[in-house]
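K.L.:
Residues per chain are reported as follows:
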Amino acid sequence: MEQHRIFDNELEKLTRKVTQMCELVNQQVDNTLHALVNCDKELADQIIENDVLVDKLDVKIDKLCQNIFALQQPVASDLRFILSSLKINNDLERTGDHAVSIAKRIDAIADYPDILEELGIPEVCDSTTLLFKDVVNLVKTHNLVLSSDIFSNAAEIKDKCHEISNKILEEMMQKSEVIVGATNIMVITNLIERIASYSTNIAESIVFVVEGKIVKHKKKFYESLDENKLDEED
Amino acid sequence: MKNSKIFTENLYLHYGSKMALNNINLAIPEKKVTALIGPSGCGKSTYLRTLNRMNDLIDSVKIEGNISIDGINIYDKNIDVVNLRKKVGMVFQKSNPFAKSIFENVAYGPRINGISDKNQLTEIVEKALQNAAIWDEVKDRMNDSALGLSGGQQQRLCIARTLAVNPEIILMDEPASALDPISTSKIEELIVQLKENYTIVIVTHNMQQAARISDMTAFFYIGELIEYDKTKNIFTNPEKKQTEDYITGRFG
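Sequences listed follow chains W and H, in order. Here the first sequence is numbered in my numbering, starting from 37 and rising by one per residue. Here the second sequence is numbered in my numbering, starting from 1178 and rising by one per residue.
Keep in mind that the hints were calculated from the coordinates and are not lab data. Bear in mind that the values here come from a model prediction, so they are computed numbers and not experimental data. Heads up, the beta-carbon is just placed ideally off N, CA and C, and yes, glycines get one too. Misleading hints may appear alongside valid ones.
Claimed, not checked - Over 12 Å on every C-beta distance to chain H, these chain W residues come out as not near it, computed from the model:
#	residue
1	Q108
2	V111
3	D114
4	D150
5	G156
As the list claims (entries may be wrong) - A few chain H residues facing chain W, derived, Cβ under 8 Å:
#	residue
6	H1382
7	M1384
8	A1388
9	D1392
10	Q1419
11	T1425
One chain only, chain W, in its complex shape (with noise of 0.2 Å):
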């Protein structure tokens, strides 16, 4: 039963760090979609600092998983939370860099807080803050009742990104003077819209975790195919 306590307390440590992960990129997220919207330039130097602390413990998180693959040999549920954890992870540490290329763009858009509130970002970035809120709560307690809230969501995020987009393509291809301007709205405009990506990603990492489902790209071809015939394929 040692050997037991033991990997039970690794895992316990590995949700612990998962946790921290989620909510220090929670942090960024927030800092980064506040600033913007209040073009503060002081609090994107900060997200800019905080990035280390992110990569740290994205390194910590990985050496875990890699100790916890090669001594403790896990299966069947403690296999998929130690699977999804390294891509939760790796999702977490995109996210908080998509955080900080946001924040290194906002001493250029400062000057244009009023294009930013024609376009709808200020709301976009309120939903993603919720967004990821609730990513934090899903990886948290496992409740798969946030991850179709957190798939409808960020599909419409994305949606909505996509039309911003849209009509600042358009703006440029009128007036030749807001290109420079533009483009970096249109930049931060697809960062959020990889923000609430990584956030369905993660969700669906969870639903693996709890039913060993694989959900990804489902509406893309999955639904016609079945898992054992994807092995078999090989």
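Dock chain H against the given chain W, drawing on the hints supplied.
P.N.:
Relative to chain W, chain H alone:
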């Protein structure tokens, strides 16, 4: 199940008044490795021994239900048990070579089956030793005592002895539990090679071994078959909580 070699239907086994197997239904596929797992006393070894009627040797045993191999009920009164055990060979936890030479250990089975031609026996012995992946280690010492071999070599010699009588099914009862990691690895590689030509049923307490080498896994608990599925399903997403608890070490 398609290509099933062994069918077990409604099998009950009692040792006196104690029920050891409770309504087992299982279809074991041909030329695959099927692992039987479960805690001590769960009935997995008892079940394994029903497949070549080794339990017949115990007086208090009472068996009900059917086990058929290639469609023939092996508990039919007309079945010749000696022939059955030729078709269904067995390798035990502890290697048990005879106190004879390496050659004589492997030649023993064919010889009692009536083969006396020296050249033919030599050919059978060599082939069995090659198939058991031990030929290169023993070819220059065929007349030495088998008891001088290492534990891992003795176990592979016992597998060669089983192969020499040309079985179709090989039952293995924890064949690597007393071996070091290198010998274990050799036995595992051998099992994977052997499934090209033989149907293998293996009892193991080593979860990782079951995961590494078997195609199908059956989980037994207190005489019942709790879950039976492809090994990759059992070890990634078992359906029953008892299976999950056992393979993740959270049992009891």
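K.L.:
Does each hint hold? Answer for all of them.
P.N.:
Against the structure, the hints:
With a minimum CB-CB distance of about 9 Å to chain H, Q108 (chain W) fails to clear the 12 Å threshold, and the non-interface call is violated. Distance to chain H contradicts V111 (chain W) as a non-interface residue, since its nearest Cβ pair spans about 5 Å, not more than 12 Å. Distance check for D114 (chain W) against chain H: the nearest CB is about 5 Å away, which does not clear 12 Å, and the non-interface claim fails. Against chain H, the non-interface label of D150 (chain W) holds: every CB pair exceeds 12 Å, the least being about 53 Å.
Once the 12 Å rule is applied to beta carbons, G156 (chain W) is consistent with being away from chain H; the minimum gap is 42 Å. Of the supplied interface hints, the one on H1382 (chain H) is violated, with its beta-carbon coming no nearer than about 14 Å to a beta-carbon of chain W, more than 8 Å. Interface restraint check: M1384 (chain H) against chain W, minimum CB-CB distance 7 Å, threshold 8 Å, status holds. Hint on A1388 (chain H) holds. Least Cβ distance to chain W is approximately 7 Å, under the 8 Å limit.
Hint status for D1392 (chain H) relative to chain W: violated, with the closest Cβ pair at about 12 Å, above 8 Å. Interface restraint check for Q1419 (chain H): the shortest CB-CB distance to chain W comes to about 12 Å, outside 8 Å, so the restraint is violated. Given the 8 Å rule on beta carbons, the hint for T1425 (chain H) holds: about 5 Å separates it from the nearest Cβ of chain W.
The structure is inconsistent with the numbered hints 1, 2, 3, 6, 9 and 10, although it conforms to all the rest.
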